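Participant: One letter stands for each residue in the lines below.
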Amino acid sequence: MSETDARLPDGFADLERFVPEWVCPDAVARMAKRQSSTIETLREFYDTMLPRGEAVLGCLREHQLGDLTPPVENLLRLMLMLAEVAPAVEWYGDPRVYDGFPVERVRYLRQISDTDAQPLAGEAA
Amino acid sequence: MNEMAKPPVPDLGLTERYPDIGRGPVDTAIYHEPAVYAKELEAILRPSWYMIGRVEQIPRAGDFFTCDLPTFGYELLICRDRQGDVNGFHNVCTHRGNVAEHRPDGHSAGLFTCRFHGWSFDLEGNLKRIRDEEGFFGCDKKKMGLRRIATGVWQGFIFVCPAEEPPQSLEEWLGEQGADTADYPWGQCTQSYQWECEIACNWKLVNDSPAEVYHIPVLHPNSAAPTMMASGNPMGRLLDVRIRGNHRTNSHYSVAGEPKPVQKLAYFHAAAAQNVSGAARDYPPGINPTRSPFWTVDLIMFFPTLSFTLSAGMYTAHQVWPLGPNRSLYRQRVFVQPARTAAERFGQENTMVEFRDVVMEDFSTLERIQRALDSGQIREFHYHDHELALRHQHHVVTEILAAYDRDQAVA
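Note that the protein sequences, when read in sequence, are chains F and R. Position 55, counted from 1, in the first sequence is what UniProt numbering calls 55; the numbers after and before it change by one each time, with no gaps. Position 18, counted from 1, in the second sequence is what UniProt numbering calls 18; the numbers after and before it change by one each time, with no gaps.
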């Protein structure tokens, strides 16, 4: 069973229609997904996810990074997508930033893994 | 509590504290003239120190990373040797000039081997092996090690200076502002996102962008404005500007506004990674220097091209790499505390996206300003009292260039 086949943890069947389309592997893909979507599509995702945010985070806080099951990974990545979509809906009413700078000109050089355990200060990376 | 409920409006009068800097309009020539840029390269940019990474990237002997200094076209190799020291080299094989190490990062068992002809260098940069050495005509291996670049570490940040002989040590360059900000828990934020974007404008315009908040209510109406100009500060004034030599710190006023819905989720479930703060804690004297309860963020500028937006639990490094009189490469690195749970990971993402988007709101304006400069349509800038940081930068650049001209005339 592949990761995206794993769907979502119990209790989140209502969000499964966003899997796998809104489950992106990293921040680069999330930014591209936002920029290639219409604001109406982003709004539909946002409007469905937001009321479930408390419940989703309640579930996610029970799971340690580095030890996530595929359904929890999917749920986390939907929530990371919500973070990417939020400014488009809440601030701009547009996939682009205010005053229209072409976001495609951004290049990521370093990312934080979506799912790996993160070392504390003093621990080896 | 009453004091918190009715915050004072920040006063005017910042500029008059620094009478040497003046108060009149300034000439914009330094923002676009190619001849000025050529002088800046030698007088300002080459003698300065540049932050290129953190020690956590190379915790063990043999760990390395490679990077570039875009302004100078340099490729560098940074590694930790067996004594635990951080070494910086020009990443250029001394045979024919290919990079000595081609990987972006990793671990070396003790040798860096060029992928062109297989010459090998050790962790101290010594040339250890020449393939088929007998075919050369008396190469002196002792003199053919990797060329060193001046390297130093401050608070876990690795700095290099591209000058052959740096006129200032790293500590001297950091100066009083470095000493006054040293004890912030810089090393606690072990996770970072980094991105870059080329902007068609002069490097000083990129510095100017976050260095005044006069524009915040207008250019960032929905993102940054609601907290920074909340009750009592409709013009979005600063708490303070503190000048220390060529460096400076802006302290930002803020009253917690009503967060947007997704921010609210992030603040509640993943507070550690967020750019929100109450009053100053046990911070060193250079951070929130006025000890205001209405402080959120300091913009700590190390002239010429490095600044930190720093709050209680996270910080962002802004590095500008000048590429010409009207071209710059902006690199942003958002540093956050490590997340343990998947919920906290969401908080990190929220912070990264907010900082990326807010900063990008400025870029279209920067390119428009540059077009007006290049075409001669604006020849002077008029600075507001709370645009003091920009006036200070103009003053510092003008003074350094004047001294450089005097030195050149004598030489």
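Read the hints as simulated data drawn from the structure, not as lab findings. Because the structure is a prediction, the values reported are computed rather than measured. Just so you know, not all the hints are guaranteed correct.
A short, non-exhaustive set of chain F residues, derived as facing chain R with CB atoms under 10 Å [to be verified]:
1) 19
2) 39
3) 57
4) 62
5) 85
6) 106
Glycine residues also receive a C-beta, built at the ideal position from the N, C-alpha and C atoms.
Participant: Each hint should be assessed against the structure and marked as holding or not.
Facilitator: Here is what the structure says about each hint:
no. : hint : result
1   : 19   : violated (16 Å)
2   : 39   : violated (14 Å)
3   : 57   : holds (4 Å)
4   : 62   : holds (7 Å)
5   : 85   : holds (8 Å)
6   : 106  : holds (5 Å)
Checked against the numbered hints given earlier, this structure breaks hints 1 and 2; the rest are met.
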